[in-house]
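Quick one: dock chain against chain with the hints and give me the complex.
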Amino acid sequence: MNLVFKALAHPVRRSIVAMLRKGPMGSGDIAAAFDMAWPTVTGHLAALKDAGLVDAEKEGTSVRYRLNISAAEEAVSFLMELMGAGAHAAEPKAPPEEKQS
Amino acid sequence: MGDSNQAQVIPPSNNLKLKVGGGRFSLDADSIARAEAALKSLSGQFAQWMQDELVKLDAARAEIRSKGLTPETAEGLYMRAHDLKGLGATYEFPLVTRIAASLCRLIDEPATRMAAPLTLVDAHIDAIKAVVRDDIKSEDHPMGRAISEELETKTRDHLK
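Just so you know, the protein sequences line up as chains A and B, in that order.
Heads up: the first sequence at position 60 corresponds to 64 in the working numbering, and the numbers run straight through without jumps.
Heads up: the second sequence at position 67 corresponds to 1406 in the working numbering, and the numbers run straight through without jumps.
Since the hints were made in silico from the structure, they are not lab data.
Fair warning: this is a prediction, and the values are worked out from it, not measured in the lab.
Yeah, the Cβ is synthetic: ideal placement off N, Cα and C, and Gly gets one too.
Among these hints, one or two may not hold up.
Quick list of simulated restraints, FRET-style, between CB atoms [said to hold, decoys possible]:
id : chain 1 : residue 1 : chain 2 : residue 2 : range
1  : B       : Gln1384   : A       : Lys26     : 25 to 35 Å
2  : B       : His1497   : A       : Asp39     : 17 to 27 Å
3  : A       : Glu63     : B       : Ala1398   : 31 to 41 Å
4  : B       : Ala1398   : A       : Gly56     : 33 to 43 Å
5  : A       : Leu86     : B       : Met1482   : 27 to 37 Å
6  : B       : Thr1451   : A       : Lys62     : 29 to 39 Å
7  : A       : Asp59     : B       : Ala1376   : 19 to 29 Å
Stretch-level coverage of chain A by chain B, calculated; a stretch enters the list once three of its residues show a Cβ under 8 Å from a Cβ in chain B [claimed, not checked]:
id : region
8  : 14-28
9  : 62-69
10 : 74-85
The calculated lysine-lysine pairs, modelled on DSSO-like cross-linking and capped at a C-alpha distance of 27 Å, are [as the list claims (entries may be wrong)]:
id : chain 1 : residue 1 : chain 2 : residue 2
11 : B       : Lys1379   : A       : Lys53
12 : B       : Lys1468   : B       : Lys1406
13 : B       : Lys1468   : B       : Lys1395
14 : B       : Lys1395   : A       : Lys53
15 : A       : Lys62     : A       : Lys26
16 : B       : Lys1476   : B       : Lys1493
Same shape as in the complex, but just chain B (with noise of 0.2 Å):
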């Protein structure tokens, strides 16, 4: 009975210390704040980065129109496409990176790529300029969302 009254102490998990990590690249708090200052810094040219990225996007899209769409071509748009299905977000574009990931899936297998609709492929990358261009941040925004799932339908239907 005795032992029934005892505290039992449950030591609390240290879920940070997993998500760093021991050994070589253990944390100090020093290194998170200035890394925590550096990112709040940097935040600020995170509009630019997203205009330097649809450039990119732009000359991918122009190399398809000037030389077709080809192997080569169709790749140097799946790379801009894949870039910035995962830079949206980090750029504080959630709905960029909806659009991409639709516009990935479009022309993701080499096999199946080259009969993907330029009509199609042109609304993705249309959008996504479109998206950046009204500064659209919401994933929630109605406009936004009404786009989105409509290039992911035409998208599914394509591929079917």
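The shape of chain A in the complex, shown without the other chains (with noise of 0.2 Å):
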């Protein structure tokens, strides 16, 4: 659980998590949304993907990340924004349900 929590403590990285609700994303796709360099954002990935919250697929040159997370982690993650943790920290471009209709 201590690896969830430090995965799902920075803000941007429940962002992505909310972004994988609606279906897998290339990871182009998410780096998209956010004003960030493209390393940080590999970061981020790396530390969902090192939690076992997101599994990625290789998909031509591109890498597809798609959410593998438990009601019990998810309810982790929901507390966590209900308690606005670092929440002001987060820079997505648009909320993630926006950028993805």
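Below is the structure:
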């Protein structure tokens, strides 16, 4: 649980989890949703992958990320979002819901 | 006229359901309760986890001191600053988030970060360490706030 908590402790990583709830996404599409350099987004994706919260699969030259989250982990994410943990540090260009439409 | 006397039924909004979402990730009370218990038990480790982050921050600074400010060492420092910006508030150090955000601004753009004054970079890192060392957890701490504002001003002046 420590690894999961640490992964979800960063608001950007919770934003990525929220984006992936609607379905798998390519790394490029995820990166495009944030005002962040590519290595920064890659670092966040690696933290989620290390915690087992997402699966990554190669798709051509890109990597596709799929959510792999249990109900308990989802509950932790939900509670941290409610607590607003580090929320003002998140910087998606637009709410993930809007980016997905 | 009879209609005006009829009671209007206003269904309560279910914001919780909106936040949790339905379908695949609908959460039950038991999951929430277990997550709450997990978070409570983990919060005792925040101080250690913050120390772990500071060790990484120091390592990034040491890389810059030994190899100079290169695109790689600058990126390494930026990653650490960006992590602290997100994790600081979670680990109950909102001032760390604020100072790390200022450091991020200072070295945000790969095109301009190489011109960042190392003394100002150092001042940010030392301030973050001081906030944690002195256990300053309130955003309104007079000294903490003064340091944050000064660093933000210097950063803004540099980036003009």
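Cross-check of the supplied hints:
1. B:Gln1384 - A:Lys26: 25 to 35 Å: This hint holds: roughly 32 Å between Cβ atoms.
2. B:His1497 - A:Asp39: 17 to 27 Å: The hinted range 17 to 27 Å holds for His1497 (chain B) and Asp39 (chain A), with Cβ atoms some 20 Å apart.
3. A:Glu63 - B:Ala1398: 31 to 41 Å: Check passed, 34 Å falls within 31 to 41 Å.
4. B:Ala1398 - A:Gly56: 33 to 43 Å: violated, 26 Å
5. A:Leu86 - B:Met1482: 27 to 37 Å: This hint holds: roughly 31 Å between Cβ atoms.
6. B:Thr1451 - A:Lys62: 29 to 39 Å: Cβ of Thr1451 (chain B) to Cβ of Lys62 (chain A): about 34 Å, so the range 29 to 39 Å holds.
7. A:Asp59 - B:Ala1376: 19 to 29 Å: Hint holds: Cβ distance 27 Å, inside 19 to 29 Å.
8. 14-28: Coverage by chain B holds here, the residue count being 5 at a Cβ distance below 8 Å.
9. 62-69: With 0 residues in contact (Cβ-Cβ under 8 Å with chain B), the coverage given for the region 62-69 of chain A is violated.
10. 74-85: Per the Cβ count (9), the hint holds.
11. B:Lys1379 - A:Lys53: Given that 27 Å is the threshold and the Cα spacing comes to 24 Å, the pair holds.
12. B:Lys1468 - B:Lys1406: holds, 22 Å
13. B:Lys1468 - B:Lys1395: Between Lys1468 (chain B) and Lys1395 (chain B) the Cα gap is close to 12 Å, so the pair holds against 27 Å.
14. B:Lys1395 - A:Lys53: Cα-Cα ~20 Å, so holds.
15. A:Lys62 - A:Lys26: Distance of about 19 Å is within 27 Å: holds.
16. B:Lys1476 - B:Lys1493: Given pair Lys1476 (chain B), Lys1493 (chain B) holds - Cα atoms ~23 Å apart, limit 27 Å.
In summary, the numbered hints that this structure violates are 4, 9.
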